[in-house]
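A.B. asks: Hey, can you work out the whole structure from these sequences and the hints?
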Amino acid sequence: MYFDSGSVKALSVALVGAPNSGKTTLYNWLTGSNFKTVNYPGATVEYSLGRLAPHLRVVEDEKLLVMDTPGTYSLHPKSADEEVTLKAIYKNPELGRVDYLVVVVDGTQLSRHLQLVQQVKETGFPFVVAFTMADLMRRQGIRPSLELLEKEFGCKVVPFEGLLGGGLKDLVTALRALKPSAKVQDPVVWDFEQKEQKIRECEALAGRVLHENDKAAKEKIQGLAKNTRRLDQVLLHPVLGLFLFVVIMGALFTSIFWVAAPLMDLVDGAFSALGNFVHAFDDKALWTDFLANGVIASFGAVLVFVPQIFILFLGISILESTGYLARAATLIDRPFSMLGMSGRSFVPILSGFACAVPAMIATRNISSTRDRWITNFIVPLMTCSARLPVYALFLAFLFKDQPAWKAGVAMAILYFAAALVGAFAAGMINRFLPQGQSAFFMMELPLYRRPRVRVLLRQALTRTLSYVKRAGPPIFIFAAIMWAATTFPHYNMEDAQQKLEQSYAGHVGHLIEPIVHPMGVDWRVGVGLISAFAAREVFVSSLAVTFNITDDNADSAQQSLLTQMQTAVNSQGEKVFTIASVVGLLIFFMIALQCMSTFAVSAREMGSFKFALTQLLAFNIIAYALAVAAYQGLKAMGLG
Amino acid sequence: MMTLLNYAEKHPLAENLEVLGIRGEPAICERLQEMGLHKGLKIQLLGRAPLKGPLLIQFGTSFIALRAEEAACTLIQAQ
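Chains A and B supply the protein sequences, listed in that same order. Under the numbering used here, the first sequence has 439 at position 439, and the numbering climbs by one with no breaks. If you want the numbering used here, it's the position in the second sequence, counting the first as 1, plus 640.
Rather than coming from a laboratory, the hints here were simulated on the basis of the structure.
Keeping only pairs whose Cα atoms sit at most 25 Å apart, straight-line, the calculated BS3-like set for lysine-lysine is: (1) B:LYS682 with A:LYS215; (2) A:LYS215 with B:LYS679; (3) A:LYS218 with B:LYS682; (4) A:LYS63 with A:LYS91; (5) B:LYS679 with A:LYS78.
Stretch by stretch, here's where chain B covers chain A in the computed footprint (C-beta under 8 Å, at least three residues): (6) 65-76; (7) 108-117; (8) 317-331; (9) 443-457.
Note that CB positions come from ideal geometry on N, CA and C, so glycine has one too.
C.D. replies: So, in C-alpha cells, the structure goes:
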C-alpha cells in the first residue's frame with residue numbers, strides 16, 4: 001500500500017458524480033497536495049487517490065483516503081470511463097470496496113443529479129451528499145431547502161462552494177460521523193418504467209428543494225442560465241461559432257509552440273550541461289559515458305517535452321472547466337461522425353498533438369467501442385511533440401539559407417497533412433469496418449463558469465506527471481539499450497565513427513541497409529531509424545553520432561550536422577541527403593508508428609495485442625512505401 | 641406526435657415543446673433518461689450545430705446537445 005496505514009485500517013471515501021458536477025474541484029480541496037494518480041499496469045483502472053489535507057485532520061495521523069473517480073451519470077456503466085468508476089468503488093485493487101461515498105450533485109442540475117443519489121442509496125453505501133455550486137446559487141439569492149434532501153435520503157447534505165472551499169469542514173465532519181457498513185449491495189439496474197418513475201420523483205423533490213412553485217424563486221433559478229444562453233448564441237452559432245472555434249484552437253496551438261519553446265530550450269540546456277559536467281570527470285571512462293550519454297541524455301529526451309505537454313493539458317483544462325470543451329465537441333461532432341468518430345473523439349485527437357499516450361487514455365469516455373477503436377487507431381498519426389525535432393532538422397536542411405517563414409509554412413503543412421492523413425485513414429476504416437451498434441453522443445453542455453487557477457494548474461500538473469510516469473520508463477529503457485548497442489562491443493575504441501560502425505547497432509544498420517536503400521539513404525540513417533523506436537526524437541541525436549559530430553555546443557552541433565548532411569556520401573559516392581531522400585524521410589516520420597510506449601498503451605487500452613500490432617505494421621509499412629515512392633518519384637524528376 | 645428531429649428539421653427554434661415519450665434503442669433511451677428527459681418535460685429548442693450537427697436543447701438550467709439519432713428517439717409535441 002502506498003500510504004502507510006500503520007496499525008489502524010485507513011478508511012476510504014470515493015467521490016462520485018456526473019461529469020462537470022464539481023467533483024474534481026472538491027477533491028482538490030479535500031486532499032490539498034496529498035494526492036497521486038494511480039495507474040495499475042495491466043488493468044484499466046485509473047483514478048486519483050489522496051490523503052485528507054493536513055488542516056482538515058482532527059488528529060495528526062488521521063487516515064482518511066479520498067478517491068476521485070471519472071464522471072458518471074449512473075451506476076449502470078455505458079462507457080469505459082464509467083466502468084472504471086464502478087470498479088474503483090467496488091473492486092478497487094488497492095482498497096477493496098471503499099467504505100464511504102460522497103455523491104457530488106450540482107445544485108444547478110439538481111433534479112438530474114438526484115438519480116445517482118437514489119441509486120447509491122439503494123446500494124447501502126454509507127454516504128454524504130455534497131451540494132456544489134452553492135456559491136453561484138447564493139449570489140443569485142437562491143436558498144435551497146437542503147433539509148428536505150436530508151430527510152428523503154437519510155443522509156447529511158452539505159453545501160459546498162468551489163471557489164473558496166466553503167463547507168469543506170462540514171463535509172469532513174459529516175464523513176467522520178459515518179460508520180462502515182457490511183451490507184453493501186451491487187447496484188440495481190432499473191427498467192425503463194422504473195426509471196421514468198424515479199426521474200419524476202427526483203424532479204418533484206428538486207422542485208420542492210428549490211421552491212420552484214414560488215415564482216420569484218423560479219425566476220432566480222432561470223437567471224443562472226441566462227449568460228450561458230447568451231454566450232451559446234455566439235459560440236454555437238453556425239458560422240460565427242465555427243470561426244471562433246478555429247480561432248480558439250489556433251490560439252491554443254500557437255501558445256503550445258511559442259510559450260513552450262523557451263522552456264524546452266531550458267530543459268534541453270540543463271541536461272546537456274549536466275551531461276557535459278559528468279563527462280568532464282573522465283571522458284574516456286565507460287561509466288561517465290553511460291551516465292552522460294545513456295542515463296542523462298535519455299532522461300533529457302523524456303523531460304524536454306514536458307513543457308509542451310503541460311501547456312497543452314493546461315489549455316485543455318481551461319477549455320474544460322470554463323465549459324467550452326463540450327461545445328467544441330458538439331461543433332465538431334458532425335464532421336467527425338462522417339469519419340466514423342464523434343465529438344467525443346475531439347479531446348483525444350487534440351491531445352494526440354502533444355503525445356499519443358495520454359491521448360489514448362482519453363479515449364475512455366467514448367461510449368461506442370467502434371468509435372473508440374477508430375479514434376485510437378488514428379491518434380498516433382497526429383503530429384506529436386517527439387516529431388518536432390526531426391522535422392526541425394530536416395526543414396533546416398531543405399530551407400538552408402532561405403527566409404525562415406518558408407520553413408514555418410512547411411511545418412504548418414506537415415501538421416495539416418498529418419491531420420488529413422488521419423482523417424483519410426479514419427474514413428477508410430469507417431467504410432470497411434462492420435457497423436457496430438449505434439453510438440450515442442449526447443453531451444451535457446455545462447453552464448459557463450470562471451475556473452479556479454489553482455485547480456487548473458494542479459489538474460494540468462497531475463496529467464503531466466501521469467504522462468511522465470507512463471511514457472518515461474519505456475523511453476528510458478529503450479534509450480539505455482540503444483546506448484549499449486551503439487557502444488559495445490568496442491567500447492574503448494578512439495574513433496567514434498568506427499566504434500559505431502562496428503557496434504551491434506552498426507551491424508544491424510548494415511543488415512537493414514537493403515531495406516533503407518530504396519529510400520535513398522544508407523546504414524547510418526538506418527541506425528537512426530531503429531533508434532527512433534526508443535523515441536522519435538532520438539533520431540536526431542543518433543544522426544549526430546553516426547555522422548560523427550563531436551562538437552559539444554548545441555547550436556553549432558546542429559550547424560555542423562547540417563554541413564555534414566550536405567556533404568555525406570554513401571559507399572557508392574552518391575549523396576545521402578538530397579531533396580528527394582529528405583522529403584521521403586519526412587513522409588516516413590509523419591506516418592510511421594515508431595514509439596514503443598504508444599504501442600504498449602494501445603495494446604493495453606484496447607485490450608488487444610493484435611490491435612496494436614496491426615497498427616504498428618500498417619503504419620510502418622505504409623510509411624515506408626510512401627517514403628520510397630516519394631524518393632523515387634522526386635529522383636526521377638531530377639531532385640535526387 | 642412527432643420526433644424532436646422531425647420538428648427541428650422544420651423549425652430551427654422553439655420555446656415550448658413537451659416531451660411525450662422516449663422510444664428506440666434501449667441504450668440511447670436509458671442515457672436520455674439519465675440526462676433527465678422524461679414524459680411531460682418542457683424543453684426549448686435553441687438551434688443546431690453547423691453542418692446538421694447535434695441539436696441544442698434547454699430545460700430549466702440544463703443545456704444538452706443531442707445527435708440526430710438521439711433526437712429521433714425523443715417524441716414531442718409543440719404547444
